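These are the residues of each chain, in order.
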Amino acid sequence: MFKILKKEYLANNIWLMDVEAPRVAKSCQPGQFVIVKMDEKGERIPLTVCDYDREKGIVTIVFQKVGASTNEMAEYEVGETFMDFVGPLGCASELLDLTEEELKKEKLLFVCGGVGTAPVYPQVKWMKEHGIDVDVIIGARTKDILILEDAMRDIAANLYIATDDGSYGFKGNVCDQINELVKNQGKEYTRVIAIGPMIMMKFVAQLTKELKIPTIVSMNPIMVDGTGMCGACRLQVGDEIKFACVDGPEFNGHLVDFDQAMQRQRMYQSEEGRAVLRQQEGDTHHGGCGNCNG
Amino acid sequence: MEVDVLKRVPVREQEPKVRAANFEEVCLGYNKEEAMAEAARCIQCKNPQCVKGCPVNIDIPGFIGELKEGKVEEAYQVISKFSALPAVCGRVCPQESQCEAKCIRGIKGDAVSIGKLERFTADAAREAGIKPVKAETMNGKKVAVIGSGPAGLTCAGDLAKLGYDVTIFEALHKAGGVLSYGIPEFRLPKTEVVDAEVENVKSLGVKIETNVVIGKAITIDELLNEEGFDAVFIGSGAGLPKFMGIPGENANGVFSANEYLTRSNLMKAFDDSYATPIAAGSKVAVVGGGNVAMDAARTALRLGADVHIVYRRSEEELPARVEEVHHAKEEGIIFDLLTNPTEILVDDEGNVKGMTCIRMELGEPDESGRRRPVEVAGSEFTLDVDTVIMSLGTSPNPLISSTTEGLDINRWKCIVAEEETGETSKAGVYAGGDAVTGAATVILAMGAGKAAAKGIHEFLSK
Ligand SMILES: Cc1cc2nc3c(=O)[nH]c(=O)nc-3n(C[C@H](O)[C@H](O)[C@H](O)COP(=O)(O)OP(=O)(O)OC[C@H]3O[C@@H](n4cnc5c(N)ncnc54)[C@H](O)[C@@H]3O)c2cc1C
Ligand SMILES: Cc1cc2nc3c(=O)[nH]c(=O)nc-3n(C[C@H](O)[C@H](O)[C@H](O)COP(=O)(O)OP(=O)(O)OC[C@H]3O[C@@H](n4cnc5c(N)ncnc54)[C@H](O)[C@@H]3O)c2cc1C
Ligand code: FES
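Those sequence lines, one after another, are chains A and B.
The first sequence begins at 102 in my numbering and counts up one residue at a time.
The second sequence begins at 601 in my numbering and counts up one residue at a time.
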């Protein structure tokens, strides 16, 4: 059993939790993820490691309510426990393979959108701790749904906020902001790390391909086991099939087939929709088959 | 009870029509009277061939002799000396090509139903609350076992009986390996059989830590150097699924058999009260002809689909157990033999809308000695399906081998280990089961777990 030690509402249905999981905390690295199964009958839900405290044995997760399981997760309170919490899974960010010398030569730009801001945080923090300055763009539809702005401002060399409606910071999406920095302000980046909704990563990767900036994206396909056993998480990356849970979750954004990945992510939408109905309607719901007059 | 000595006592099964719509066990097993009658058919050979056919050499006439007299506990204790998982093996072992294939009775009539007798013995012992016997004193030495499939459970159980302090580390949230996530409920009930066998191993003092992925959370070197384990056994199986590499394989509606079965068995997606979904499909093609393919096909059938098995060789070469093929046919699964997929057809939304196949014929024998299937030119046709389940075999996961320095693997990514002792190229590290052999059988994995327990005991007794 894995105890929830802290719960905090960030914004826009996004929650942060600290969970007691000493084995995970001891070995996890930025870029890796965990799988949470709340109770006996729960799904296995992959969530990125957003922070960790090795001494205290704590792992931080940040999740957005998007469906049945994440809705249920948001109902859990401090002191309650998750039945299963496994990790770290996947590979650490490939930036960690570089030596400090090599990293110091890089000019890194992190681009995050929505709940994807959370997994960027430990990476930027790691860079800061190793004396490496990086720029960060956070994108959001509007000001009210921004998360982790202050935390990020403390550790980023330059933090740029882009809102679609212009309610805060730069008016435009993250691609407009990248264009502004690179084309108008003449900033040079050796690498972009984009984490957020697939559609955002797709367009960032398209743009950086044009700009010839190598780009890492963090993929979040549907997963079951997270150990390479089922292939549910497979992606087309260049001319290879990769399993995101063991080969990733980070990949070269210029090689990922995003359209296919987005299609695959929609796979269970109808089934999941039914799960939401079941949850909202309780026992009165009978599957919505239309055949039972229920 | 009247018995024709040439014929085996028939075993009760659920009617095909009824069972095709439920997940209850297909075979109902013998009752005591039937078991004693069947046991009486054993001639108690002086030089029993059946024992030679058993990969772990269970004293078969020994336990059947006890059973003949109705002594269930005695029969169970005989089996227990050789096997830690009799309720499982009695259900899933390919007896027809092992012990029963060698039975003298089989020359002029039916072989003795050894598997069903083993199953009865284990089930009856469990119902009577009979447990294996725990070690009296601990020897103070610690062994880590990676993976809780048949290999890991057996190795752990044997070492615990010898007084070792054993911890099993399992990556998934539930112990049992393929027995839990792969083999379906209707063939191997989870709560009554698998969980009970796991409990038996725990009752010997074995600790099971689930949710620990070795190679990620902790490495083998750390287990040995930091967590104070004196030896490690790797029983991590062969779980990595293969795909065909044909166009359309990433479409929605194409699954590995492992995904389909894991959703249904481990995550219990067939039961609405569990959260994990399964896109069951209404017209399903399962590609492959092994036990795994049969299990996926029969699961899809129970979830309401029309199911085809698509296999490139002929019936004779089907690698699945005869009993499974027979059950699948009875339940209404259609076999498209000598047929091979060439492309999966995909609609605008990325969903499967059909599968192009080509007919095959058998040519000259290949390296495996089986006649090689060759394409019949111009014989392409489209199978109308919305779901395709790929069951093409699995290979060992590189997670452990890639994070353990000094552990040799062969070109199939299997860990290299001595058959007699389980010893690997790394001191103090042993391995066995599918991780070493590639996908094989429960009994072979168990046998390897036993051999490694002996190997580890010798190593740590030096
Ligand atoms: C490696 C990885 C890291 C992730 N990190 C985070 C994170 O840090 N924070 C966060 O909020 N979300 C993260 N996700 C996504 C998160 O797992 C899903 O939002 C969650 O599983 C949805 O469950 P649900 O039942 O609430 O919603 P659902 O109703 O199941 O689905 C809502 C949407 O989520 C997608 N989804 C459903 N099940 C899965 C699944 N098993 N894996 C991935 N996507 C799924 C669906 O395609 C759908 O578009 C991550 C996913 C992966 C694979
Ligand atoms: C669907 C299906 C049907 C089958 N039917 C039959 C049958 O009828 N008869 C028969 O004899 N055989 C059958 N088999 C084969 C048989 O189940 C296997 O040969 C046997 O289970 C192998 O046992 P094992 O202990 O080596 O590995 P497994 O049973 O695969 O167990 C390995 C365990 O190790 C865990 N693991 C893996 N990596 C790690 C890690 N890094 N850290 C921690 N844990 C890890 C896995 O999660 C798993 O639980 C079938 C297999 C399948 C898939
Ligand atoms: S989630 Fe099953 S293989 Fe990646």
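Honestly, I wouldn't trust all of these hints.
What the hints assert, rightly or not - Chain A is faced by these chain B residues, among others (derived, beta-carbon under 8 Å):
(1) Lys816
(2) Gly839
(3) Gly950
(4) Gly954
(5) Thr956
(6) Leu999
If you're looking for bench data, these hints aren't it; they were derived computationally from the structure.
Quick caveat: nothing in here was measured; it's all calculated off a predicted structure.
The beta-carbon is built from N, C-alpha and C at its ideal position, and this holds for glycine as well.
Hints, one by one, checked against the model:
A least Cβ separation of about 6 Å between lysine 816/B and chain A falls short of the 8 Å threshold, and the interface hint therefore holds. The interface hint given for glycine 839/B is met, as the beta carbon of that residue sits about 4 Å from the closest beta carbon of chain A, less than 8 Å. Interface hint status for glycine 950/B: upheld, as the beta-carbon distance to the closest one in chain A is roughly 4 Å, under 8 Å. For glycine 954/B, the interface hint is violated, the least distance from its beta-carbon to any beta-carbon of chain A being 17 Å, above 8 Å.
Contact between threonine 956/B and chain A, as hinted, is not supported at the beta carbon level, the nearest pair being about 20 Å apart and thus beyond 8 Å. For leucine 999/B, the interface hint holds, the least distance from its beta-carbon to any beta-carbon of chain A being 7 Å, beneath 8 Å.
In this structure, the hints that do not hold are numbers 4, 5, in rising order.
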